[in-house]
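Trainee: Each chain, letter by letter, is given below.
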Amino acid sequence: MERSFIMRNPSVLWFLLALALFTLGVTILSEAFGVGTLSTSFIKTLGKTLCLCLIAVAMDVVWGYCGILSLGHFAFFGLGGYAIGMWLMYARTEEIVVNSLNEAAIPPTQQEIIDGIGTQIFGVVGSSEFPMIWAFSHSLGLQLLMVILVPGLLALVFGWLAFRSRVTGVYLSILTQAMTLALALYLFQNDSGLRGNNGLSGLQNIPGLDHLGQATISMWFFWASAIALGAGYVLFAWVTSGKMGSVIRGIRDDESRVRFLGYHVESYKLFVFTLTAVVAGIAGALYYPQAGIINPAEIAPIASIYLAVWVAIGGRGRLYGAVIGAAFVSLLSSWFTGGGAPSIPLGFYTIQWTDWWLVLLGVSFVAVTLFFPKGIGGLFDYLVRKDP
Amino acid sequence: MSTLLEVSGVTVSFDGFRAINNLSFQIGEPELRAVIGPNGAGKTTFMDIITGKTKPDEGRVIWGEKSVSLLDMSESAIARAGVGRKFQKPTVFEDQTVRENLAMALKNPRGPFDVLWYKKTAQGAEKIEEIAEEIGLTDELKRRAGDLSHGQKQWLEIGMLLAQDPRLLLIDEPAAGMTPAEREHTTDLIKRAAETCAVVVIEHDMEFVRRLGCKVTVLHEGAVLAEGSLDHVTQNQDVIDVYLGR
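Residue numbers (the working numbering), protein chains in the order written: chain U, 111 to 498; chain W, 1085 to 1330.
Because the hints were derived from the structure by calculation, they are not lab data.
It cannot be assumed that every hint is accurate.
[Said to hold, decoys possible] Quick list of in silico lysine-lysine cross-link-like pairs, PhoX-like style, CA-CA up to 25 angstroms:
(1) W:LYS1191 - W:LYS1137
(2) U:LYS353 - W:LYS1191
(3) U:LYS353 - U:LYS484
(4) W:LYS1203 - W:LYS1173
(5) W:LYS1226 - W:LYS1211
(6) W:LYS1275 - W:LYS1299
(7) W:LYS1203 - W:LYS1150
(8) W:LYS1173 - W:LYS1139
(9) W:LYS1226 - W:LYS1173
(10) U:LYS484 - W:LYS1226
(11) W:LYS1203 - U:LYS353
(12) W:LYS1226 - W:LYS1204
(13) W:LYS1191 - W:LYS1173
(14) W:LYS1150 - W:LYS1139
(15) W:LYS1204 - W:LYS1150
(16) W:LYS1150 - U:LYS353
(17) U:LYS353 - W:LYS1204
(18) U:LYS353 - W:LYS1211
[Unchecked claim] Not everything, but these chain U residues come out facing chain W in the computed CB check (under 8 angstroms):
(19) LYS353
(20) MET354
(21) ASP363
(22) GLU365
(23) SER377
(24) PHE381
(25) PHE482
[What the hints assert, rightly or not] Derived Cβ-Cβ restraints for the label pairs, each shown as a range:
(26) W:GLU1305 - U:LEU480: 46 to 52 angstroms
(27) W:LYS1139 - U:MET242: 18 to 24 angstroms
(28) W:LYS1204 - U:THR278: 28 to 34 angstroms
(29) W:ARG1294 - U:LYS484: 45 to 51 angstroms
(30) W:SER1158 - U:LEU489: 40 to 46 angstroms
(31) U:ALA130 - W:ALA1206: 34 to 40 angstroms
(32) U:VAL473 - W:ALA1206: 51 to 57 angstroms
(33) U:GLY449 - W:LYS1204: 52 to 58 angstroms
(34) U:SER474 - W:LYS1204: 52 to 58 angstroms
(35) W:GLY1297 - U:GLY279: 57 to 63 angstroms
The beta-carbon is built from N, C-alpha and C at its ideal position, and this holds for glycine as well.
Start from the sequences, fold in the hints, and give me the full structure.
Mentor: Printed below as a string of structure tokens:
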């Protein structure tokens, strides 16, 4: 008797169509598979932007739909990146070490190879021993599992502790900031086992795929990011529709009412928080191989605040709003800070956008909050009359 | 009529102030009961204790045939056991339609995964229609709850309680801010609900209580001052002193 989920949410179809067209367009314009208008580095920027859109959708679900203003979701994004980075770095270094030792007169032993990898990876922090947390780094499968498990478990434990103590509102936001700050500070230490402030680098070199070249690899990651964004979008559209959507929007609007209706509010928050953290981890695992490097600065508290700003500017409480906000603001941000925007000479002073971009962003954020609480996505309401 | 809820010897203090002082109270099933009392008599705290929002320092709250203690249960577990609560201010989910509001309240498994895989059923739809009819919102099912009038929101909230299939309804000042015609409808709703379950109505308005025509419990300084028919309690000298002495 019930219409299918897609039929009830035509905006999902429209989004998937737009994403498919965009992907096709970029493929046609790419160096590797098309006419070559777009440079490989720009393809990487677009691929990274898709990953940022994915975490923004997750942020929209946890904040815009469930009302939990998490200012720590970038920690999960970073952990996903570190998890995949460990395998990339290990496997890549193993290739190099094996190649160089092959030229030796006596074939190297397994121990010599492992020692060689250790020295290569941890030399920068004055060590050559593999820390415990690298135990699975030789296996792609296990590290992919870590992409899901590490952010998921951290979110589960953190959320369980916070929600069962009924920490809500701004206090919860502060707590999530503290979490991401603590994690960043920990990772900055040289003995954290993840190379301190050097982070993991060379992640753009995918082991075993050297012969393909970056132009091709960048397209593969671009496609993977597009597929992940599409799948994540459908997943979250499904979660936020129907009765589940009713309950989590109810929690946002009046938590105690939901509780007195017999719903265990904490379980719902934990479910949403953990699910979005896992998706954030996956987004990070796709982002950092395109960025090439991850270091603890990536998960500094400011990153998670930017995430909230993107979602607010794009429009909270609608998934496509989050995508628009993340894409628009992050691309604009790289245009302004990358020196793309022309400076404005005022005679007595010249506005350099590299310095003034943050001011512009801050002013836009305040303006959107005050005058357009529905964000950019709210403009769609003028195009389509939403029937209740 | 068997006893459904028994509150005995309950005491609650907030920073030394005794909001509830050795309170005892019983209600059967089905029964309609009005609880009246001046401001600060502890009426809302009394509801908070039953629904698990506030834990008392002393005393017992015993529920149902199996005599389970509500004190060890969470708010949501108490609600699932069959206690429905209506707040003083109408609290409905304004952003959602009347139908969605009622659907959320329907008695169904309440775990996150049950809800995630939940499929609408014909019985559920029927039940929603039935309740909408009862509360007079049949034509409003597709409207946003936030667009309803104050009185309609109050009815919607009562409808949400009915959708839960409760055994005990706690209703805080249902008639506040209503027109006379709306009050009449509200009285009918409550009286009909009380035919099948236990209903406790907290009310300031004596005229409304008179119309309910039920046993009245008077609270004062966190304890029961008098109990009986409205005529009986209004002639009680203590009650007169408390109400008029202020």
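Trainee: For every hint, state whether the structure bears it out.
Mentor: Comparing the hints with the structure gives:
no.	hint	in the structure
1	W:LYS1191 - W:LYS1137	21 angstroms, holds
2	U:LYS353 - W:LYS1191	13 angstroms, holds
3	U:LYS353 - U:LYS484	23 angstroms, holds
4	W:LYS1203 - W:LYS1173	32 angstroms, violated
5	W:LYS1226 - W:LYS1211	16 angstroms, holds
6	W:LYS1275 - W:LYS1299	13 angstroms, holds
7	W:LYS1203 - W:LYS1150	32 angstroms, violated
8	W:LYS1173 - W:LYS1139	23 angstroms, holds
9	W:LYS1226 - W:LYS1173	23 angstroms, holds
10	U:LYS484 - W:LYS1226	23 angstroms, holds
11	W:LYS1203 - U:LYS353	9 angstroms, holds
12	W:LYS1226 - W:LYS1204	16 angstroms, holds
13	W:LYS1191 - W:LYS1173	23 angstroms, holds
14	W:LYS1150 - W:LYS1139	21 angstroms, holds
15	W:LYS1204 - W:LYS1150	33 angstroms, violated
16	W:LYS1150 - U:LYS353	32 angstroms, violated
17	U:LYS353 - W:LYS1204	9 angstroms, holds
18	U:LYS353 - W:LYS1211	16 angstroms, holds
19	LYS353	5 angstroms, holds
20	MET354	5 angstroms, holds
21	ASP363	6 angstroms, holds
22	GLU365	11 angstroms, violated
23	SER377	5 angstroms, holds
24	PHE381	4 angstroms, holds
25	PHE482	18 angstroms, violated
26	W:GLU1305 - U:LEU480: 46 to 52 angstroms	47 angstroms, holds
27	W:LYS1139 - U:MET242: 18 to 24 angstroms	43 angstroms, violated
28	W:LYS1204 - U:THR278: 28 to 34 angstroms	31 angstroms, holds
29	W:ARG1294 - U:LYS484: 45 to 51 angstroms	48 angstroms, holds
30	W:SER1158 - U:LEU489: 40 to 46 angstroms	43 angstroms, holds
31	U:ALA130 - W:ALA1206: 34 to 40 angstroms	37 angstroms, holds
32	U:VAL473 - W:ALA1206: 51 to 57 angstroms	54 angstroms, holds
33	U:GLY449 - W:LYS1204: 52 to 58 angstroms	55 angstroms, holds
34	U:SER474 - W:LYS1204: 52 to 58 angstroms	42 angstroms, violated
35	W:GLY1297 - U:GLY279: 57 to 63 angstroms	44 angstroms, violated
Hints 4, 7, 15, 16, 22, 25, 27, 34 and 35, counting from the list given before, are not met by this structure.
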